[in-house]
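Participant: Please build the complete structure, drawing on both the sequences and the hints.
For the protein sequence lines, the chains are A and C, in the order given.
Numbering-wise (this note's numbering), the first sequence opens with residue 58 and increments by one.
Numbering-wise (this note's numbering), the second sequence opens with residue 58 and increments by one.
There's no promise every hint is true.
For identical chains, the list gives no copy identity; a pair is met inside one copy or between any two copies.
Straight-line alpha carbon distances no greater than 30 Å define the calculated DSS-like cross-link-like pairs of lysine-lysine that follow [as the list claims (entries may be wrong)]: (1) LYS254 <-> LYS116; (2) LYS116 <-> LYS128; (3) LYS254 <-> LYS237; (4) LYS116 <-> LYS68; (5) LYS237 <-> LYS116; (6) LYS128 <-> LYS249; (7) LYS128 <-> LYS103; (8) LYS249 <-> LYS237.
These are computed hints drawn from the structure, not numbers from a lab.
Keep in mind it's a predicted model, so treat the numbers as computed, not measured.
Number of protein chains: 2
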Amino acid sequence: MVTIVVADDHKIVREGLIRLLEAREDFTVIGEAANGDEAVALVMEKRPDIVLMDINMPKLSGIDATRQLGKAGCQSKILVLSMHESRAYVEEVLRAGASGYVVKNSASTDVHNAIDAIQSGASYLSPAITQQVVDAIARPGDGGPSGVSMLTEREREVLELIAEGLSSREIASELGVSLKTIDSHRSNLMDKLDIHKVSGLVRFAIRAGLIEA
Amino acid sequence: MVTIVVADDHKIVREGLIRLLEAREDFTVIGEAANGDEAVALVMEKRPDIVLMDINMPKLSGIDATRQLGKAGCQSKILVLSMHESRAYVEEVLRAGASGYVVKNSASTDVHNAIDAIQSGASYLSPAITQQVVDAIARPGDGGPSGVSMLTEREREVLELIAEGLSSREIASELGVSLKTIDSHRSNLMDKLDIHKVSGLVRFAIRAGLIEA
DNA sequence: CCATTATTAGGAGTAAACCCCTAAAACGCA
DNA sequence: TGCGTTTTAGGGGTTTACTCCTAATAATGG
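Facilitator: Here it is as structure tokens:
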């Protein structure tokens with residue numbers, strides 16, 4: 058019997074997931090959490106085999122919760138449930154110590170398969186994701202760490218301020234440097250990310266978790 | 058027997074919802090859609106009693122889909138499922154012609170109750186929502202309609218394209234009007250929202266669910 | 001029928017964004 | 001010590017964005 062804890066901030070989604078899980082007779086849900094804090098506490102207490110963890114949760118994100126459980130030496134395998142298919146997310150989730158990544162746009166059988174896989178010690182990535190990871194590896198140019206990690210500290214800082222709505226002049230004054238310097242950083246980070254519009258930068262910054270929407 | 062169509066862009070959520078609905082023997086799900094366009098087509102074809110519609114969907118949002126169905130004279134009652142509890146959303150959803158508004162953080166029984174209610178011609182709002190609506194009615198002048206609902210159809214459209222990264226020129230060509238027209242819409246919507254930068258518009262559009270991050 | 005609003009369009013101008021270059025000082029690293 | 005990277009800074013240019021005006025047409029609503 059595989060014991061499972063479900064963490065998702067939407068009760069109705071949680072209920073649906075539990076039904077989907079318990080359609081398998083060898084799965085049993087022994088607890089549910091509505092945010093990251095609750096999830097960590099519950100998992101430490103119940104020690105389930107599997108944690109089905111949503112990424113977007115208040116207080117503590119699913120990624121941070123995963124990270125904390127890892128540091129605490131928790132043996133439960135974590136299967137992250139996400140609505141994002143972007144490479145950046147997958148990287149971060151796996152780095153945080155999760156054993157699997159399933160997009161919400163999956164069939165219930167995918168979740169079953171994922172649990173079977175990580176229960177036996179393997180990793181599991183949604184079919185939709187595997188392709189992206191393969192693409193990322195195949196592409197050497199921007200291949201490495203996608204996005205934020207290819208930026209320097211300063212560029213990240215500038216990007217954040219741009220996304221927060223400051224003009225280049227305001228950023229220059231904020232950081233105590235010349236307008237032209239910000240212009241350089243701006244150009245450089247735009248080249249690195251291959252995003253050449255403010256709108257794109259904002260969305261990137263949000264996806265990357267640099268700022269909140 | 059109450060016939061239902063479920064529209065949500067996440068397959069796994071859709072599956073969960075269907076299970077929750079079919080736990081009631083007098084409910085039967087006769088179709089499912091993964092985006093707004095599909096939903097409209099499917100509902101026009103199948104003519105269900107109820108449409109359980111998510112707001113955040115690609116191509117055509119649940120709100121726009123609701124609006125289209127209303128204009129087409131569709132008799133199906135629409136129950137909107139949303140993760141947002143903000144007043145602005147509820148306003149717009151009801152204005153679009155939906156019969157009910159249920160937040161995702163509800164129990165399945167709430168959805169059952171909502172369907173019973175709107176099936177008998179009533180409206181249904183999640184408990185979490187009712188208070189907000191009452192508040193909004195109580196002080197009409199104060200906050201006013203905050204956000205999206207104060208924009209016109211065209212302004213919303215332009216905002217969406219701005220947030221998606223199109224330049225004014227591209228938007229003009231996309232919508233088949235003059236650059237100056239887009240400039241007008243842009244100015245007007247910026248005045249209405251009191252947001253005067255692209256970065257702010259993008260974040261607003263994301264918060265408002267007009268686009269995805 | 002009149003008032004308001006939505007949609008369209010333009011003129012004219014300032015500010016900002018964005019693109020092309022170069023280049024110096026500082027830093028770690030091999 | 002030299003090499004790459006980061007951070008700094010600038011010159012000069014084109015293109016958008018943004019603001020301030022006006023104004024015609026159509027539709028909506030009291």
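Participant: Does each hint fit the structure? Answer for all of them.
Facilitator: Structure-based check of each hint:
In this assembly of identical chains, LYS254 and LYS116 lie within 30 Å of each other by CA distance both inside one copy and across copies; the values are 25 Å within and 22 Å between. Taking the shortest Cα distances, LYS116 and LYS128 sit within 30 Å of each other inside one copy (18 Å), while across copies they are farther apart (41 Å). Taking the shortest alpha-carbon separations for LYS254 and LYS237, both the intra-copy value of 18 Å and the inter-copy value of 21 Å come in at or below 30 Å. Proximity of LYS116 to LYS68 under the C-alpha cut-off of 30 Å is found in both arrangements, the shortest distances being 16 Å within a copy and 26 Å between copies.
Only within a single protomer do LYS237 and LYS116 lie at most 30 Å apart by alpha-carbon distance; the minimum there is 26 Å, versus 40 Å between protomers. When the C-alpha separation of LYS128 and LYS249 is checked against a cutoff of 30 Å, the pair qualifies only within one copy, where the shortest distance is 26 Å, while the shortest distance between copies is 46 Å. Within a single copy, LYS128 and LYS103 get their C-alpha atoms as close as 17 Å, which meets the 30 Å cut-off; across copies the closest is 52 Å, which misses it. In this assembly of identical chains, LYS249 and LYS237 lie within 30 Å of each other by CA distance solely inside one copy; the values are 18 Å within and 33 Å between copies.
Checked against the numbered hints listed earlier, the structure breaks none of them; every hint is satisfied.
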